[in-house]
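Working from the sequences, and respecting the hints, build out all of it.
There are 4 protein chains.
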Amino acid sequence: MKALVYHGPGLKTLEDCPKPVIQAPSDAIVKMVKTTICGTDLHILKGDVATCAPGRILGHEGVGIIDSVGPAVTVFKPGDRVMISCISSCGKCEYCRRGMYSHCTTGGWILGNEIDGTQAEYVRTPHADTSLYPIPEGADEEALVMLSDILPTGFECGVLNGKVAPGATVAIVGAGPVGLAALLTAQFYSPAEIIMVDLDDNRLGIARQFGATHTVNSRDGNAAAEVKSLTGGRGVDTAIEAVGVPATFLLCQDMVAPGGVIANVGVHGQKVDLHLETLWAHNISITTRLVDTVSTPMLLKTVQAGKVDPSRLITHHFRLDQILDAYDTFGRAAATQALKVIISM
Amino acid sequence: MKALVYHGPGLKTLEDCPKPVIQAPSDAIVKMVKTTICGTDLHILKGDVATCAPGRILGHEGVGIIDSVGPAVTVFKPGDRVMISCISSCGKCEYCRRGMYSHCTTGGWILGNEIDGTQAEYVRTPHADTSLYPIPEGADEEALVMLSDILPTGFECGVLNGKVAPGATVAIVGAGPVGLAALLTAQFYSPAEIIMVDLDDNRLGIARQFGATHTVNSRDGNAAAEVKSLTGGRGVDTAIEAVGVPATFLLCQDMVAPGGVIANVGVHGQKVDLHLETLWAHNISITTRLVDTVSTPMLLKTVQAGKVDPSRLITHHFRLDQILDAYDTFGRAAATQALKVIISM
Amino acid sequence: MKALVYHGPGLKTLEDCPKPVIQAPSDAIVKMVKTTICGTDLHILKGDVATCAPGRILGHEGVGIIDSVGPAVTVFKPGDRVMISCISSCGKCEYCRRGMYSHCTTGGWILGNEIDGTQAEYVRTPHADTSLYPIPEGADEEALVMLSDILPTGFECGVLNGKVAPGATVAIVGAGPVGLAALLTAQFYSPAEIIMVDLDDNRLGIARQFGATHTVNSRDGNAAAEVKSLTGGRGVDTAIEAVGVPATFLLCQDMVAPGGVIANVGVHGQKVDLHLETLWAHNISITTRLVDTVSTPMLLKTVQAGKVDPSRLITHHFRLDQILDAYDTFGRAAATQALKVIISM
Amino acid sequence: MKALVYHGPGLKTLEDCPKPVIQAPSDAIVKMVKTTICGTDLHILKGDVATCAPGRILGHEGVGIIDSVGPAVTVFKPGDRVMISCISSCGKCEYCRRGMYSHCTTGGWILGNEIDGTQAEYVRTPHADTSLYPIPEGADEEALVMLSDILPTGFECGVLNGKVAPGATVAIVGAGPVGLAALLTAQFYSPAEIIMVDLDDNRLGIARQFGATHTVNSRDGNAAAEVKSLTGGRGVDTAIEAVGVPATFLLCQDMVAPGGVIANVGVHGQKVDLHLETLWAHNISITTRLVDTVSTPMLLKTVQAGKVDPSRLITHHFRLDQILDAYDTFGRAAATQALKVIISM
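Residue numbers (the numbering used here), protein chains in the order written: chain A, 256 to 600; chain B, 256 to 600; chain C, 256 to 600; chain D, 256 to 600.
Source of the hints: derived by calculation from the structure; they are not laboratory data.
Please note that the accuracy of each hint is not assured.
Remember, identical chains collapse to one label, so a pair may be satisfied in a single copy or spanning two.
[Unchecked claim] With a Cα cut of at most 25 Å, we get these calculated DMTMM-like pairs of lysine to aspartate or glutamate:
(1) K418 to D564
(2) K562 to E392
(3) K562 to E448
(4) K526 to D509
(5) K418 to E448
Please read these numbers as outputs of a predicted model, since none were measured by experiment.
Here it is in C-alpha cells:
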C-alpha cells in the first residue's frame with residue numbers, strides 16, 4: 256500500500272509499505288478514506304518529537320472503513336464506517352477510567368508517532384472499540400476528519416479547561432487551526448465576547464467570519480492593553496493560548512482577569528516565565544492538557560445537530576498521491592492561507 | 256490607645272495612637288482581645304509591601320468585642336464577641352457576589368495594610384456585617400485567632416484549590432504555619448498520603464504530629480525523587496506550594512502527577528520558571544489565590560465540631576506591651592521554634 | 256400615587272395609596288417606569304398565597320429610576336436607572352453568602368407579597384444595593400423587565416439546575432412564559448435537541464419560533480412515548496417541569512433518561528407521586544428551586560451581548576391606568592395569546 | 256461444584272452445579288475464596304426481582320483467585336487475587352464511558368441475577384478487566400468483600416450523591432448495613448454532625464460506635480422534629496435514605512434543610528409521596544442511583560491507607576456448606592444482630 260513515511264528530520268517520502276495486520280485481539284485494520292495533516296506532523300519533520308523514529312508512517316487523523324478486527328473487538332465489524340481518534344485508549348487503565356485517555360498506559364498519542372499512522376491506505380488501530388467512533392448515517396465525513404484531533408483539542412484544552420461560560424469574556428491567542436477550533440466550540444457556551452489575537456490579518460478576518468466579536472493584531476505589542484480596554488479594564492475570564500511560545504503565554508498572563516483561567520493549548524518547546532510575583536494574589540488558574548478526546552461523543556452530537564460546522568476549517572483538498580503537495584501547502588500556511596487540508600484515498 | 260506602628264523598612268514601635276472612630280455607616284469599632292503576627296507583617300517590615308505606608312498600625316488577625324457600630328450595621332451590636340477576617344468584604348460588588356472577597360472593590364486585604372490594623376487596643380473594621388464573624392458560645396477564642404487568616408489561607412489556597420480528595424496523595428512544600436494549616440485542613444478530605452517537605456527537621460517532626468504520613472527533608476536536592484518514590488513513581492495528585500520562592504515552585508512541578516494540581520499558597524517576590532515544554536501535555540492545573548475567607552463559616556463549624564484544632568499552631572503567648580518581643584520570637588522562628596504567637600490585650 | 260391593590264381572593268382595585276418612604280438605612284424608593292404581571296400574581300388573586308394579606312400592592316417585577324436612598328446605600332443614587340429583582344437579598348446572611356438569595360433571612364420573595372410591590376408609581380425596595388441592578392447605557396428597558404423574574408426563573412430553576420449541556424437532549428413541559436424563558440436560555444448551552452411539550456398548539460408554534468427543535472402536543476397522552484421516540488428510546492438528559500401539576504411532573508418521570516435530571520420550575524399546590532419503585536435505580540436527580548436571581552449579572556451580560564432577546568416574550572402593552580385590562584388579557588392567555596404584558600407608568 | 260441456587264420464591268438449595276466455563280473472550284473464571292449475602296438476595300428470595308429466574312446461582316459479592324481468562328483479558332492472569340464488583344462493566348459503551356457502570360448496556364447488576372453468581376465455588380465474570388480489581392499485597396480480604404457492593408453503595412448513592420462536606424450536617428435514615436456503610440464513608444468528608452435514625456436501639460448503639468454524633472429512635476414519630484432540633488431548626492444538609500419504604504422517604508423530606516440533598520439509597524417497591532407543594536421552593540435535590548462502583552479504586556486506596564475499616568461491618572462467619580445457616584442468621588438480623596456475614600469456601 257502507499258503511505259507517507261518519515262525518514263528523519265526534513266525527510267519524508269510517499270512509498271510502498273506492507274499492509275498492516277492485526278497484532279492484538281483488540282486491534283482493527285481500517286481502510287483509510289480521508290486523512291489530514293496536523294501541525295504536530297510538521298514538528299516531527301523538524302525532528303522535535305523524539306518518540307517518533309525514522310521509518311514511521313505519519314498521521315493520526317482521519318475516517319475510514321473497518322477492514323478487519325481482532326477477536327476481542329465487539330463494537331465494530333468489517334464494513335463499518337469509523338472516525339479515528341488521535342488518542343488510543345484501552346478503556347481499562349486508571350487513566351482511561353478517569354477520562355484521561357491521553358495518558359492511557361498502553362495508548363495515548365501513539366498513532367503516527369510510536370506506531371504507524373493514518374497517512375496511508377490502511378492503518379492498524381489498537382484498542383479499536385474505545386478508540387474508533389461510528390460515523391452516523393448521512394454524516395459529512397470530511398467534517399468528521401476534524402473530530403480526530405483538532406476540534407476536541409480546541410474544545411477540551413481550550414474551551415472546557417478554560418471554563419467558557421454564558422456572558423463571559425474570552426481571548427484566544429493564535430488564530431491557526433486549533434485556535435479557530437477553540438473559537439468555533441467556545442460558542443457552545445454563549446460567551447459575550449470572544450477576542451481573537453494573532454499577527455496575521457488574513458486569519459483574523461477568518462476569525463471574524465467564524466464568530467470572533469473582536470480581533471486584535473498583536474504585532475505592535477499592545478495586544479494586552481487592547482484586550483483590557485475591550486473588557487472594561489478587567490481582562491478576560493478565559494485566555495486560551497493556542498500558539499506555544501513564551502511570548503504568547505506571557506500575553507495571556509497580561510490579559511487574564513482576577514478569577515480567570517489561562518488554558519494552554521499550544522505545544523511548547525521551551526520553558527516560559529510565570530509572573531507569580533503578580534499572579535500569586537490574582538486567583539487565577541493555568542491549565543495544560545494533551546487532548547483526551549473524551550468529549551468526542553458530545554462533539555459528534557453537536558455536529559449532527561448542526562451546532563458547529565467543522566468543515567469550515569477545511570481549505571484545500573488533495574489525493575493521497577499528492578500528499579507531498581499537501582504538506583507543502585499546509586507547511587506554507589501564511590502564503591497559501593491553508594487551515595486544514597483533506598487528503599482522500 | 257497602644258498600637259504597633261510601622262515606620263518604614265525595619266522600623267516599628269509600640270506607641271500611643273488615637274482610638275479609631277466610625278467613618279462609614281457599615282463600620283464597627285472592635286475592642287481587641289487577642290491578635291497575632293503574620294508572615295506578611297514581616298514582609299511589610301522588610302519594605303516589600305508598597306501599599307503599606309509608614310505610620311500604619313499593623314495586624315489583620317484577631318478576636319475582640321464590638322465597641323460601637325455604624326447605622327448600617329445590622330448583624331452586630333456592642334458587646335458581641337467577634338472574629339475579625341483578614342479580608343474586608345463589602346458583600347455587594349461583583350467580586351464579593353462571586354465569593355472572591357479578596358478582590359472586593361472596596362475591601363480585600365486592607366487591614367494593617369491600607370488602613371490601620373489589629374495590633375492595637377481598638378480597630379475600625381469596614382463592612383463589619385460581612386467581615387466579622389460571631390464567636391460561638393463557649394468557643395476557644397485563641398483557636399479562633401487562627402481563623403482570621405492562616406487556617407482559611409491553608410484551606411482555600413491549598414486544600415480547596417488543590418482538590419484534595421479521599422484516597423489521594425498530597426505533598427505540602429513548606430512546613431511553616433501556613434503549610435501546617437494546609438496539613439491540618441487537608442485531613443478534612445481523608446487523603447491516603449500527605450507528604451510534608453521542608454528543610455527544618457523540627458518542623459517536619461511537628462508535621463508528623465499534625466498528621467503527615469511522610470516527611471522529606473529537601474536539603475539534599477532529592478525531594479522530588481523521594482516524593483515520586485513514595486507514590487509509586489506517579490507523583491502526587493496535589494502539590495501545595497507554601498513557601499513562595501522559585502526553587503519550591505520548581506519542586507512542585509517535578510512532583511505533580513499527570514492530572515494533578517499545583518496549588519500555590521506562597522507569597523512570591525519574583526517570577527518563576529514554568530516548564531511548559533514538559534507540562535503542556537501533563538494535564539495539570541496551577542492555581543493562585545489570595546485567601547477569600549469565603550470558607551470561614553465552614554471552618555467555624557469544623558472547629559466547633561472538633562474536626563480540627565487550630566490551637567495546635569500556637570506556640571508562644573505575649574501581652575500587647577511585649578509585642579516587640581513577640582515580633583522577635585516570631586521573626587527568628589527557626590531558632591525559637593515559633594509557629595503562631597498570641598498577643599493578648 | 257396609583258397602585259394595584261389586592262383585597263382578598265378575587266378582589267383587586269387600582270387606587271390611590273401613599274407614596275412609600277425609606278424605612279431602613281438600606282432601602283431605596285424607586286419611581287417605576289415599567290412593570291409586568293406574573294403568574295404568581297394570579298395565584299395570589301385566587302387566594303393561594305397565604306403570606307400575601309389583603310391591602311397589599313402587588314407586583315415584583317419592573318424597571319425604574321431611583322427616587323431616594325437610605326444612608327447605607329452606596330451603589331445607587333437618585334436618578335440611576337435600575338432593574339428590580341423579584342428577590343430581595345441582604346447579601347449578609349448565611350443563605351445570601353451561599354448564593355441562595357431566595358432564602359435570605361430578611362428578604363427572599365417579599366415584594367408584592369409580604370411588602371408592597373411594583374404595580375404602582377413608586378416602590379420601596381429593601382436591601383437596595385444587593386437587590387437592584389444598574390441598567391446599562393442604551394439597554395432595552397422593556398426587555399430588562401423580563402430579567403426581574405421570568406428569565407432567571409427559567410434559567411436557574413430549569414436550565415442551570417437541569418445541567419443543560421452541548422449536544423444533550425432537553426424536554427420542556429409547559430410552553431407558558433416561564434417554559435419559554437427556559438427555552439430561550441437553554442440555548443446558551445447548545446443542546447442538540449429541545450423538545451417542547453404543551454397542550455396549546457399556538458404556544459407550541461411560538462416555541463418553534465423561539466428555537467425548539469421539536470414540539471409535542473400532550474393532549475393524547477402519548478407525550479412520553481413521543482419524546483422517547485425522538486431520543487432514540489433513551490429519554491432526555493434534562494426534563495424541565497414548567498407547569499406545576501401532578502400530571503406534568505409524572506410526565507417528566509416517564510421521559511427522563513438514566514443519568515438525567517428533572518428540574519422543577521412549576522409552582523405546585525399539591526403533593527405528587529414519585530415512582531421510586533422504578534426510579535431508585537435510574538441514577539436521576541430531581542431539583543426544586545425558588546429563583547435566587549444569582550445569575551442576574553450573567554443574564555444582563557448575555558442580553559447586552561445579544562445572546563438572548565427577552566423582549567420576544569412581550570406580547571401586549573398597557574398603561575398603568577389600564578392595568579385591570581392588562582390583568583384580564585394576561586389571565587385569559589389561551590384566548591388572548593398573551594405571554595408577558597408590559598405596563599408603563 | 257457446590258453453589259446456592261434459587262428455585263423460585265422462598266426456595267433455595269445448596270447443590271452441585273457444573274463449573275462455569277469461559278463464554279466470551281473478555282470473561283474470567285474466578286475460584287471463590289469468600290463471599291457474603293446481600294439484602295438484595297433476600298429480595299430475590301421473596302420473588303421481588305423479576306429478572307432473576309429460578310435455577311440461578313445467587314450472590315454478587317466476594318473475593319477470589321483467577322482460575323482462567325479469555326483471550327481478550329489483559330489485566331489479569333490465573334493465580335491473581337481479585338475483588339469482584341457487583342456491577343459488570345464493559346468499559347466501552349456510552350454509559351461506561353460516562354462512569355455510569357450500573358447502566359452498562361451489556362453489564363450492570365447481572366451477577367447472581369441475570370447470570371450465575373458468587374455464592375459458589377467458581378463464578379464466571381464477564382468483562383473481567385473492567386469488573387474485577389486486583390487485591391493489594393497484604394490486604395485484609397474479608398474487609399474487601401465489603402467493597403464488592405455495600406461500601407460503594409453507601410458511598411456513591413449516599414455520600415457522594417448527598418454532597419457530604421466538611422462542617423455540614425448529615426442524617427442517615429436506616430442503620431442497616433448500607434446505612435452504616437454510608438456512615439463510615441461520610442466521615443471521609445468531616446461533616447460536623449451525623450445523625451443516625453432507626454427503630455432498633457442495638458443498631459443505633461453500633462452507629463454511635465461507628466462515628467454517629469447523635470442517634471434518634473424514630474419509633475415515636477418525632478424523628479424529624481428531633482433532627483431539626485439537633486440542627487438549630489434548619490434541618491440537615493444531607494438526608495440519606497437507606498431503608499426503601501414510603502415512611503422513611505417522607506421523613507427525609509421533613510428533615511432536609513433548604514439547599515440540601517435527599518440521597519436515596521434504599522430499594523423501593525412502591526411509589527412515594529413527594530410534597531412538592533412545600534418543596535418546590537426549598538431549593539433541594541433528590542438523587543437516586545444504582546451503585547456504579549466507579550469509586551472502587553478510590554475506596555481501595557482509603558482502605559489501604561487505614562481511613563476506613565470495612566471489616567467492622569462483619570458480624571458472623573460461615574463455611575460454604577453452612578450457607579443456609581448464614582441466610583437464616585442474616586435474614587433474622589434484628590434477633591441475631593447480624594450486619595454482614597462472611598462465607599468462606
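25 Å Cα cut-off: does K526 pair with D509 within a copy, between copies, both or neither? both (17 Å within a copy, 13 Å between copies)
Checking K562 and E448: alpha-carbon separation at most 25 Å within a copy, between copies, both or neither? both (18 Å within a copy, 10 Å between copies)
Quick one: K418 to E448, C-alpha cut-off 25 Å, is that within a copy, between copies, both, or neither? both (14 Å within a copy, 23 Å between copies)
If the cut is 25 Å between Cα atoms, do K418 and D564 qualify within a copy, between copies, both or neither? Result: close both inside a copy and across copies, 21 Å intra and 24 Å inter.
Check K562 against E392 for me: Cα-Cα at most 25 Å, and say if that holds within a copy, between copies, both or neither. Cα proximity of K562 and E392: one copy only (17 Å, versus 32 Å across).
The structure fails none of the hints (numbered hints given earlier).
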